[in-house]
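S.K.: So you can see what is in the structure, the chains are spelled out below.
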Amino acid sequence: MGASEALEFLVQARLYQPMAPRLMIAEDLTEQEVREGINKAQVFRFMRWPLSEREVWAQLESALQRHSMFLSRSLLLRESSSQNKQLEALTHSLEEMVEERTQYIEMSHHEESEKLNRERQLLRFIKDLATQTSFEDILGILRKELRKFHKMGDPVLAYRLGGDKTFFMSFHLGHFTQTESRQHYEFPKTAQVPTAELIRYFANHFGRPFIKAYMVPLELRLTSHFVGGEAEAILCIENSLSDKEMGPFVDFIGDRMRPLSMALDRVLLENQLSSFSYRWEKTFDGMRDPIAIVDVDYNVVRANRKFSDKFLQHKCYESFSHRKLACEGCPVPHAIKQGEPQAGQIQVEGRVYQVHSYPVLLDRGSRPTNVVNQYVDITQSRELYLRMLQSEKMGAIGMLAGNIAHELNNPLTGLRALTQVLLQEAPAEGNLRADLIEIEKATARSQRIIKNLLDFSKGEDQPSEYVSVDEIVERTLPMLKSAMRTHRLEVDLETLGLSVYVEPHLLQQVVFNLINNACQAMKDPGSLRISTRAEGANILLEIQDAGPGIPLEIQRRIFEPFFTTKKEGHGTGLGLSMSKSIIEKFGGTIQFRNVEPHGSCFTIVLPQRSPE
Amino acid sequence: MKILIVDDEALVRRSLSRALKSKGYEVMEALNGTEGLQSWRDWKPDLVFLDVLMPGMTGPEVLKEIGPENQAKVILISAFSGEHNMQTAQEMGANLFVPKPFEDIFAVVKMAEDLLV
Numbered sequence: 030m031g032a033s034e035a036l037e038f039l040v041q042a043r044l045y046q047p048m049a050p051r052l053m054i055a056e057d058l059t060e061q062e063v064r065e066g067i068n069k070a071q072v073f074r075f076m077r078w079p080l081s082e083r084e085v086w087a088q089l090e091s092a093l094q095r096h097s098m099f100l101s102r103s104l105l106l107r108e109s110s111s112q113n114k115q116l117e118a119l120t121h122s123l124e125e126m127v128e129e130r131t132q133y134i135e136m137s138h139h140e141e142s143e144k145l146n147r148e149r150q151l152l153r154f155i156k157d158l159a160t161q162t163s164f165e166d167i168l169g170i171l172r173k174e175l176r177k178f179h180k181m182g183d184p185v186l187a188y189r190l191g192g193d194k195t196f197f198m199s200f201h202l203g204h205f206t207q208t209e210s211r212q213h214y215e216f217p218k219t220a221q222v223p224t225a226e227l228i229r230y231f232a233n234h235f236g237r238p239f240i241k242a243y244m245v246p247l248e249l250r251l252t253s254h255f256v257g258g259e260a261e262a263i264l265c266i267e268n269s270l271s272d273k274e275m276g277p278f279v280d281f282i283g284d285r286m287r288p289l290s291m292a293l294d295r296v297l298l299e300n301q302l303s304s305f306s307y308r309w310e311k312t313f314d315g316m317r318d319p320i321a322i323v324d325v326d327y328n329v330v331r332a333n334r335k336f337s338d339k340f341l342q343h344k345c346y347e348s349f350s351h352r353k354l355a356c357e358g359c360p361v362p363h364a365i366k367q368g369e370p371q372a373g374q375i376q377v378e379g380r381v382y383q384v385h386s387y388p389v390l391l392d393r394g395s396r397p398t399n400v401v402n403q404y405v406d407i408t409q410s411r412e413l414y415l416r417m418l419q420s421e422k423m424g425a426i427g428m429l430a431g432n433i434a435h436e437l438n439n440p441l442t443g444l445r446a447l448t449q450v451l452l453q454e455a456p457a458e459g460n461l462r463a464d465l466i467e468i469e470k471a472t473a474r475s476q477r478i479i480k481n482l483l484d485f486s487k488g489e490d491q492p493s494e495y496v497s498v499d500e501i502v503e504r505t506l507p508m509l510k511s512a513m514r515t516h517r518l519e520v521d522l523e524t525l526g527l528s529v530y531v532e533p534h535l536l537q538q539v540v541f542n543l544i545n546n547a548c549q550a551m552k553d554p555g556s557l558r559i560s561t562r563a564e565g566a567n568i569l570l571e572i573q574d575a576g577p578g579i580p581l582e583i584q585r586r587i588f589e590p591f592f593t594t595k596k597e598g599h600g601t602g603l604g605l606s607m608s609k610s611i612i613e614k615f616g617g618t619i620q621f622r623n624v625e626p627h628g629s630c631f632t633i634v635l636p637q638r639s640p641e
Numbered sequence: 299m300k301i302l303i304v305d306d307e308a309l310v311r312r313s314l315s316r317a318l319k320s321k322g323y324e325v326m327e328a329l330n331g332t333e334g335l336q337s338w339r340d341w342k343p344d345l346v347f348l349d350v351l352m353p354g355m356t357g358p359e360v361l362k363e364i365g366p367e368n369q370a371k372v373i374l375i376s377a378f379s380g381e382h383n384m385q386t387a388q389e390m391g392a393n394l395f396v397p398k399p400f401e402d403i404f405a406v407v408k409m410a411e412d413l414l415v
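For the record, the sequence lines run as chains H and L.
Here the working numbering is used: the first sequence runs in plain steps of one and ends on residue 641.
Here the working numbering is used: the second sequence runs in plain steps of one and ends on residue 415.
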């Protein structure tokens, strides 16, 4: 056959037996034919005809060797490829496992971080709540929290403090509002989708429909304890969640129930406490008397407004009495020492206070740690009392004077009358007559003194009279002789013909007081000057001493009732204050000034009045 | 004319007595109310000086006791003028009231003389 037919045959053979080695024997072969032989039929060996038998066998031998080599190689190949496949399968399953594992790990990681996130949110929620001090803030925080669920209404909080009132806290048009109701409906004890009745209760109160809600009871342990009753609260959250969405929401709320309860409990308690203390404060401020709680060192712990506007960091005697040392008469040390209520009198700026000190045991101990001081202003009653005493005293003196006057007037009358009879009989010239005249004068003077004493000690409400100030002074001086005896007296009276309209005995008491004070102001013998003069439509009476004068710091206070520089028991402190009120009653004024080189001068100005 | 002086104060009695005697009157003195009442009834004076406050019987009591039988003019004198004045004195039946102390005894004597005219 031809070369091309042979080649075709070999191609076909390759298809049937690819492993069999193919030999091509030809007389002549072109390069083209060789190339095709290799390419198309994969000829193992080309041989040129003719050739020896030995050559043929050798070639066949090599071909067969080759063939068996091929066969074993292909066997190996098949073996390895099957092994390969197994390996591949194994790898594949391993990869799947790894993937699965990875997925699992990734999933749990996600879950964990989700959980962590939830915990973090919860923690933040708790933290946020902890710093809030009002219902509004608490509900505001809850409202913000609820926003992550869609289809949420604003939370409504209802609570009771054991009374018959129910308070509702809600948001209306974005504003926080508080309302209350006297309607009562039992709150559920567990978190739940509320009954139709409960929903109606809320709907009735707010006057609008509540479609779907979730109610969470909140426990108020501290508040219950404080109000001594059953305080309870319930949180109502309107929503339109599907059943599927409800689960996470219930979990979410469940997580927040306790922190909410605690925050609410705390705020309620704070409110109660502050309203409680506010009530106490108002009660104390509303009281008429100053009240202060002081500790053992006189530090003011609390005080009402009447006591002082600024009492903290101060001692009671600093803020109330404006002193640097404890007040004289303060009952606090006694109250602390005895552990029993004590009372005492203190003077503050012309007012007299009866201080009642009640010891308080604030901690467990036998000694009082604090004292409650109540300051009762007894200035007026004391003044009235002392005035009454004064008036009683004057009344008693009046009685006494009346009796003495009778006892003395009888013999004096006889003495004077007999002297007058004897004077008739005595010779016109000589000592006897002169002696009798002196006796007559002395008895006359004695009678006048008694009359003055009677006038002086008259009670109140005597009729006013037109009288000259000079006459009043003249009548008074004899009663002050012993007070004035060491001092040099200068009297310069210029208004005898002029009169004022006064109750003489009262004006006399004023003059007596002022002269007496002037004498007492001069410890050493000094000069006392008493003068009257007319000035315009007024009569001026001046009483001037040469004592030390009145110190600047007490000048403002000397006309205050009970203000006295005299020792206890030596003066009531009423003299000048009474003098002032007497002179003012007569339409006059009383003033003083210090004079050079030393001394003080009191000036009384009275309007001049005459009978017509 | 007979004048009775009823007063517990010796000097008052004495001075009045001397002043009146010097004017020529017949004078009798009584130390207290009881004695005064006795002399008043027995001696029948034309004028009586009667003190108010005396131990024992007081002036007003004497006046009350003597009652309507009295013919004499009465001058009530008192050192403690507290409750008495001209009006109360006249209500009691006295003619005049003179408070002690008197400034001038001869003024009192003049009043008595005027009463007797």
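Incorrect hints may have been included.
Stated by the list, open to error - Listed below are the simulated DSBU-like cross-link pairs for lysine-lysine, each with C-alpha atoms no more than 35 Å apart in a straight line: (1) H/K335 - H/K273; (2) H/K177 - H/K241; (3) H/K311 - H/K241; (4) H/K353 - H/K335; (5) L/K300 - L/K408; (6) H/K273 - H/K339; (7) H/K595 - H/K510; (8) H/K218 - H/K144; (9) L/K319 - H/K480; (10) H/K422 - H/K595; (11) H/K470 - L/K321; (12) L/K408 - H/K480; (13) L/K300 - H/K470; (14) H/K353 - H/K366; (15) H/K366 - H/K344; (16) H/K144 - H/K273; (17) L/K362 - H/K344; (18) L/K408 - H/K470; (19) H/K114 - H/K335; (20) H/K480 - L/K362; (21) H/K180 - H/K144; (22) H/K595 - H/K552; (23) L/K319 - H/K470; (24) H/K177 - H/K114; (25) H/K480 - L/K300; (26) H/K470 - L/K371; (27) H/K614 - L/K300.
Unchecked claim - Sample of chain L residues lacking proximity to chain H, with all beta carbon distances greater than 12 Å (derived): (28) K300; (29) R316; (30) R339; (31) S376.
Hint data in this document are derived by calculation from the structure and do not stem from the laboratory.
Note that the Cβ used here is the ideal one computed from N, Cα and C, for glycine as well.
S.K.: Determine for every hint whether it applies to the structure shown.
M.R.: Here is how each hint holds up against the structure:
1. H/K335 - H/K273: 65 Å, violated
2. H/K177 - H/K241: Cα-Cα ~18 Å, so holds.
3. H/K311 - H/K241: 45 Å, violated
4. H/K353 - H/K335: 21 Å, holds
5. L/K300 - L/K408: 15 Å, holds
6. H/K273 - H/K339: 63 Å, violated
7. H/K595 - H/K510: Answer holds: H/K595 to H/K510 is near 21 Å, not above 35 Å.
8. H/K218 - H/K144: Roughly 28 Å between the alpha carbons, so the hint for H/K218 and H/K144 holds.
9. L/K319 - H/K480: Distance of about 31 Å is within 35 Å: holds.
10. H/K422 - H/K595: 20 Å, holds
11. H/K470 - L/K321: 25 Å, holds
12. L/K408 - H/K480: Roughly 25 Å separates the two Cα atoms, so the pair holds.
13. L/K300 - H/K470: 32 Å, holds
14. H/K353 - H/K366: Holds, at roughly 22 Å.
15. H/K366 - H/K344: It holds: about 19 Å lies between the C-alpha atoms, which stays within 35 Å.
16. H/K144 - H/K273: Distance ~19 Å between H/K144 and H/K273 Cα, so the pair holds.
17. L/K362 - H/K344: Cα-Cα ~76 Å, so violated.
18. L/K408 - H/K470: 22 Å, holds
19. H/K114 - H/K335: Measuring from Cα to Cα gives roughly 104 Å; hence the hint is violated.
20. H/K480 - L/K362: 30 Å, holds
21. H/K180 - H/K144: 23 Å, holds
22. H/K595 - H/K552: 13 Å, holds
23. L/K319 - H/K470: Measuring from Cα to Cα gives roughly 25 Å; hence the hint holds.
24. H/K177 - H/K114: Violated: H/K177 and H/K114 sit about 53 Å apart, past 35 Å.
25. H/K480 - L/K300: Status holds; Cα separation ~34 Å.
26. H/K470 - L/K371: 32 Å, holds
27. H/K614 - L/K300: 55 Å, violated
28. K300: 20 Å, holds
29. R316: 5 Å, violated
30. R339: The claim stands: L/R339 keeps its Cβ more than 12 Å from every Cβ of chain H (closest is about 26 Å).
31. S376: Given a closest Cβ separation of 8 Å, the condition is violated.
Of the hints listed earlier, those the structure fails to meet are numbers 1, 3, 6, 17, 19, 24, 27, 29, 31, in rising order.
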